[in-house]
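**Q** From first to last, the protein sequence lines are chains A and B. Note that the working numbering has the first sequence beginning at 1, numbered continuously upward. Note that the working numbering has the second sequence beginning at 421, numbered continuously upward.
Source of the hints: derived by calculation from the structure; they are not laboratory data. Fair warning: this is a prediction, and the values are worked out from it, not measured in the lab. You may find that some hints are simply not true.
The list that follows gives simulated cross-link-like pairs (lysine to aspartate or glutamate, EDC-like), each with its CA atoms no further than 20 Å apart [unchecked claim]:
{"hint": "1", "chain 1": "A", "residue 1": "K172", "chain 2": "B", "residue 2": "D591"}
{"hint": "2", "chain 1": "A", "residue 1": "K143", "chain 2": "A", "residue 2": "D274"}
{"hint": "3", "chain 1": "A", "residue 1": "K303", "chain 2": "B", "residue 2": "D481"}
{"hint": "4", "chain 1": "A", "residue 1": "K325", "chain 2": "A", "residue 2": "E110"}
{"hint": "5", "chain 1": "A", "residue 1": "K64", "chain 2": "B", "residue 2": "D673"}
Single-letter residue listing:
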Amino acid sequence: MKNAVSILSIVAAGFMASTSAFAGDVRIMWYSDGVEGDVMQDLVNRFMQDNPDINVTLDNVAYKVIQEQLPIQLEAGQGPDIARVTDIKALADHWLDLRPYLSDPAYWEENFGAQADWMRPDGSDAITGFMTQLTLTGGFANKTLFEQAGVEMPGDKATWDDWVNASAEVAKSQQTAAAFAIDRSGHRISGPNVSYGANYIGPDGMPAPVDDGTKTFATKLVDWTNDGLMLKDTWVSAAGSTYRAAADDFINAQIPFYYSGSWQVANLSTKIGDAFDWVAIGSPCGTVGCSGLKGGAALVGIKYTKNPEDVAKVMEYLASPEIVKEFSERTLFLPAHKGVVAAGGLNWDTDDKNVGPALDAFVKSSAETLPAADALPAWKWASAYYGALVTRISQVMAGELTLDEAWTRIDQDIADKVQQ
Amino acid sequence: MWLAALLNPPLKAWQRATGTGGMAAFFLAPNMAIFGVFVLIPLVMNFFYSMTSGSAYFLADRTFVGLEQYGRLLDCGNYLDPGTCREDLFWKAAQNTAIFVFFQVSLMTLTAMITALILNRKIAGRGFWRAVFFFPVLLSPVVVGLIWRWILQRQGLLNYVLYTFGADTHDWLTERLPAFTAAVSVSVWAHMGFFTLILLAGLQAIPRDLYEAAEMDGTKPARVFWRITLPLLMPNLLVVIVLSLIRAVQIFDEVYVLTGGGPGTSTMYLTQYIYEVGFASLLRNPGLAAAASIMMGLVLVVLTLVQLGLGRRNEQKGARE
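Taking the hints into account, I'd like the entire structure generated from these sequences.
**A** So, in structure tokens, the structure goes:
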């Protein structure tokens, strides 16, 4: 009898642990690029010590789960109570408007207002969450390889051609697999596209046809790949809009130049260690500017939560200035909190001499982004554009389409997405 | 035993009340419930999804568009040239799948047959070799894909070995022909054990006295194979061909992990297309994915009917003989 009671208790406890419907329970779906999961767990533990009536569970999942499974859960009216997401605009209808539950909405408007539009439905004034970090796309160079090759790194305002040519010299001298790589992502090539004059957004706010700016950089990218300058694996060995990063190739010193973004700083620092010196170089220039693309991961409340008040309490804690500052310092992420940025004095929690200058370089580059790039994070159809670019440009690189066919297909793909 | 004794009286009472038909329904009910919930209802829902549009997953939030998704998939200038089709990726995937199925099934059947013939002979360590050939079947397709990716990628084991011996290295997964060859070979490697087992069972069922009689007559081994082994193995061979055909049409996981569908779209098969459109792309289109899956399902139904037809013909032929 005693055993039966014990078994029933365990089953009941297991059942209770698997649901978020109980008052005081808040589940956060979280993914990590680097160490931020551990930092967040630490912060959450401290929150629970101060708020014993709220039990916060941090579910660490793979980024693919956030990309592919969370949207399905949301469409079914389910999901966690809070989630860390990157597809913030397209899924904005599922985010919880925290405004009625916040003790001080003005604090959120003041400090997170600049990115608020990125994560709420068009025309809404909802407060749905905050950016866990502000990111900016940009390049990294293997300083040691450049020095060993005796090649000078291109300076400020150097163009994409300058960087690729210099990297090609290094690659030839140091026998690396290729001169450079850009992550296989439509988001990643959009800053460079804009630098060559691209503007995805038409006058009516709907997607514009592929323009000369996009064509110019995409053509360069294809030529560089065909010439063996861009690492072929990254873009060619995948189909559709699959994301693929080239971080490991840079970390393994297979390429002297890598274009990704500020979120890689902690990853590079952790994995490269003192194997070689590296620097962040911002975004190389095109014909109209030297623009990267801003973005980041947001922490948002989910509107299907049963405990919106508790969700708001957790969010208020995580969005407080001292927690944002600590989170940024320990994760090496650029904060998106206006007050924290204005106060300055961030003490990056690292002994790596490459990290501080890299983050400073990204902060400097963030002032150089072009308006056409700044408009993209809050634009509903950005994802449609990004997906079509990756799919079709990869096909051109693999020899399946010509560039002219690709432009037609990209326009058609985007039109189909809008129509559906 | 005590459970059977316990259940016996109520079951007998039920049988008296409902007859044998009612009892059959009683025992079938659990299976039918599982089949209904996990197969039949999703199948019917999938059909409804294929007639709706939008990115929402809730059926109630979707717009009914009739056969529009099918029309979009079938909108093609020339079905043999995916470039002339509105959904060029669907037709490219269909074309890739047809080519893959042809080569994979041919190679699979041939290698499974040769392996079964060898493993049926009295060779040293026969049990060990049988286990070796069956082992890949036990692996998860994702593990299979990962293992071979580590071997074939640019900095993989194969290139390391080639480099060590001074030979030229290759980008096995970024060039079309090597990537396709890898996809076919890895798939054959992963599934061959299962089909070898079926053929081995067939070989062992052939009466030994036929071979002994052939040996006494001095028949050459090739003639023995063509006149005794192959005809008597035909039922098993048909099962192997049809099952491998059905499995090849559904190819996804190991190739997706191995090549990601690339280079370009040269190893993107129908199931990956459906997965990409329905789940993985940044703006999903569940209706189009559902329509594509229904069309792929129809191909599988045809293949299954062929299997049933061939099986029946074989049985009738056996009965006549």
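**Q** If a hint holds in the structure, say so; if it does not, say that too.
**A** Now for the hints, and whether the structure bears them out:
1. A threshold of 20 Å between alpha carbons decides the hint, and for K172 (chain A) with D591 (chain B) the separation of about 18 Å falls inside it, so the pair holds.
2. At most 20 Å may separate the alpha-carbon atoms for a hinted pair to count; K143 (chain A) and D274 (chain A) meet this at roughly 12 Å.
3. The suggested pairing of K303 (chain A) with D481 (chain B) holds, with an alpha-carbon distance near 17 Å, which does not exceed 20 Å.
4. Proximity of K325 (chain A) to E110 (chain A) is assessed by CA-CA distance (about 16 Å); at most 20 Å being required, the pair is judged to hold.
5. With a C-alpha separation of about 15 Å, the suggested pair K64 (chain A) and D673 (chain B) falls inside the 20 Å cut-off, and the hint holds.
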